[in-house]
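J.: Sequence:
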Amino acid sequence: MKSSLSGTGCRAGPSQKEYAEALKLQLATGARIGEVAGIQAGEVDQHKWLWTLPEHRSKNGRPRVTPLVGLARDIVETRFHNSPDGPLFWSERGLRLDSNLVASMLVKHRKEVPIDHFTSHDLRRTVATGLVDLGIPYELVAGVLGHEVGAKEVKTLIRHYVRTDLLERKSTALLAWDAKLRQIVCGGNFPKNVAYLPKVGLRA
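Taking the working numbering, I'd label the letters of the sequence shown as residues -3 to 200.
Among these hints, one or two may not hold up.
The calculated lysine to aspartate or glutamate pairs, modelled on EDC-like cross-linking and capped at a C-alpha distance of 16 Å, are [what the hints assert, rightly or not]: (1) 44 <-> 70; (2) 176 <-> 129; (3) 55 <-> 94; (4) 104 <-> 88; (5) 44 <-> 164; (6) 44 <-> 88; (7) 13 <-> 70; (8) 13 <-> 88.
The set of hints was computed from the structure by calculation and includes no laboratory data.
The whole structure should be built from the sequences, with the hints applied where relevant.
T.: Here it is in structure tokens:
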């Protein structure tokens, strides 16, 4: 995980830094690499620091709102200095960064990455596992990652009737995850002001 937070495990030049920052943002939010790499300035509320993934970029066809906290906010806020409008991540050729470009970069530098067969999707698994280990309910983990859970009837209920983005709970979960990431990178104990959450089901 430290390799992901410090880059790709390889020496990051100016162009590779774009890829490294996108991977860090994925690790901080649990979003898909295509969602992160394609993030647009207009998707981010800089007053509330909320990132709204539009439905046309969402795998399940539904918009998703993610609170940007800690490392995620730091990354996005810094990107605005270089790209105040339009895409926040660009390739070395001046193309909008996307999942294919990130995958190609990882393949190109595979020998330098200290993890066998590493892909960006491993970071989503890391986030999901880490959140569950912190006591976050499975349903909330799914909400953070943009997955639908439950039987067909439950999915229908959520898709057509439930109108909540769970922002407060997502923020709490992502703050706990951010603290865990910082603990891994910097060492030390888990911060006392961040508590493990009980594994309870979601309630409206």
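J.: Each of the hints needs a verdict: does it hold here or not?
T.: Right, here's what the structure says about each hint:
For the given pair, residue 44 sits about 14 Å from residue 70 by alpha-carbon distance, which is consistent with the 16 Å threshold. For the given pair, residue 176 sits about 11 Å from residue 129 by alpha-carbon distance, which is consistent with the 16 Å threshold. A hinted pair counts as satisfied when its Cα atoms are at most 16 Å apart, and residue 55 with residue 94 qualifies at roughly 14 Å. Only pairs whose Cα atoms come within 16 Å are accepted, and residue 104 paired with residue 88 is accepted, the gap being roughly 14 Å.
With a CA separation close to 12 Å, the supplied pair residue 44 and residue 164 stays within the 16 Å bound. Taking the CA atoms of residue 44 and residue 88, the gap is near 31 Å; set against the 16 Å cutoff, the hint is violated. Straight-line distance between C-alpha atoms of residue 13 and residue 70 comes to about 15 Å, which keeps the hinted pair within the 16 Å bound. In summary, the hint linking residue 13 to residue 88 is supported, as the alpha carbons are separated by about 10 Å, within the 16 Å threshold.
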